[in-house]
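Chemist: Could you put the whole structure together from the sequences, leaning on the hints where they help?
The lines below spell out each chain.
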Amino acid sequence: MGIEPKEANSNKKNIIVLDDNKNDLLMAKFVILRMGFNPLLIEKSSQLIDTLQLHKTSLIVLDIDMPGLSGLDVLKKIKKVDSYKNIPIVMLTGNSDIGSVKAAISTGALDYIVKPIDPLVFESKVKKLVGFQEDESKNSWVEYQIQKVTHSEFKLGLSVTLISIGEMSLTLKSNQPLAKGLTFSSDSELFKSLEIAQPVLKVDSCEVQGDCYWVKCSLIGLSEADLKKIRLYSQLLISKKMA
Amino acid sequence: MTEMMSFFQQYQDHLSLDESKIQQLVELGEEIGEDVLGQLTDVHVQATDELVRELPILYQQQRFDELVRVAHKFKSSCGNLGLTKLHYLCADFEKELSRFIKIKSFDRRVIQNFVDCITYEVKSTTQQLQSRKKAS
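Those protein sequences? They're chains A and B, same order as listed. Anchor point for the first sequence: position 164 equals 166 in the numbering used here, and the numbering is continuous, going up by one each time. Anchor point for the second sequence: position 72 equals 852 in the numbering used here, and the numbering is continuous, going up by one each time.
Because the hints were derived from the structure by calculation, they are not lab data. The structure presented is a predicted model; accordingly, all values stated were derived computationally and were not measured. Wrong hints could be hidden among the right ones.
What the hints assert, rightly or not - Computed footprint of chain B on chain A; a stretch qualifies when at least three of its residues, placed anywhere within it, have a C-beta under 8 Å from a C-beta of chain B:
no.: 1; stretch: 33 to 40
no.: 2; stretch: 112 to 125
no.: 3; stretch: 189 to 197
Said to hold, decoys possible - Not close to chain B: a few residues of chain A, all C-beta gaps over 10 Å, as computed:
no.: 4; residue: Lys82
no.: 5; residue: Lys104
no.: 6; residue: Lys129
no.: 7; residue: Trp216
To be verified - One-sided excerpt, in silico: chain B residues whose CB lies under 8 Å from chain A:
no.: 8; residue: Gln792
no.: 9; residue: Leu795
no.: 10; residue: Val823
no.: 11; residue: Ala827
Ideal placement from N, C-alpha and C gives every residue a C-beta, glycine not left out.
Modeler: And the structure:
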């Protein structure tokens, strides 16, 4: 019947659906197939970790009401594992138990879908969330302050979004103020994807904008090749925003 | 039987089989090249066999927690296939049972009415679904 996890198609994004109801699993499978993704269907919570280990996963659709380990319990477990905690999760719920939904959202689920599955609602939420991880990893990162005196590093607990990037500078939006002159290295996925190894940034200015901070930084010590990559990325960013 | 039928009257406004939902499933199947309606029907029929077997046993043995679980699970399958009346019957049954469990007092006539109505509607809709599956 195709309920068991099947081999991932390497060209397609994998979406895991965990639900003890075979009918809901099938329904989810058909909609995910229509979207061009690869559904990995599992009926038991115990199969989840194995499936996550075998397949790079773009989204988990998790039923709240399951016998034994509930969807909420499973969600809590996933959020404790470093390798899986950033995978977006959407909850499936068969009733209007707002308490469970609220608990799931506060534990880290990004959204919920009410059963019976409406193909259009399911598709629109899944589509939105599959792109979520990608966008977040490109635009948000955690920085490391360079302690030049001690040569040790400590993590700045920043939630950062890239606003713009130029040849020698970038502007980011942060949830914390950063002192002028602060030097730190970035482990942003953005720089990783551009193959620029932890570039050093120096804060030039920091201004309050509503409930966050706009921080202008200089990019220090980049090679000509790095600058070329940043220039190209910057052009792409501008054309994306214009589109 | 008369009491069951008058209880059943409350659900007359809901469709037994929502044709627009069936059509949506047929179209989904055409788009992905799979017999969506057929596969969902087969799984549903399997679930109804279990339900018809389990409902009276669980009721007689007063395993109300398990009855809630069965009603909850079946409700969702019915919704997926456009069995609206059955979906609402299961939803109300689940709600009433949960309320009874909470107050620790069980109105057996209400429970019996739900069990009878669900069993009756299951038999009728299973036939409708099977013929709709053949037709598509």
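Chemist: If a hint holds in the structure, say so; if it does not, say that too.
Modeler: Taking the hints in turn, this is what the structure says about them:
1. 33 to 40: Held - the stretch 33 to 40 of chain A has 3 residues with a Cβ nearer than 8 Å to chain B, which meets the minimum of three.
2. 112 to 125: holds (count 4)
3. 189 to 197: violated (count 0)
4. Lys82: Holds, since 28 Å exceeds 10 Å.
5. Lys104: holds, 19 Å
6. Lys129: Label holds. Min Cβ-Cβ 16 Å, cutoff 10 Å.
7. Trp216: holds, 46 Å
8. Gln792: violated, 21 Å
9. Leu795: It is violated, given that the least Cβ distance between Leu795 of chain B and chain A is near 14 Å, above 8 Å.
10. Val823: holds, 5 Å
11. Ala827: holds, 7 Å
In this structure, the earlier hints numbered 3, 8 and 9 are contradicted, and the remaining ones agree with it.
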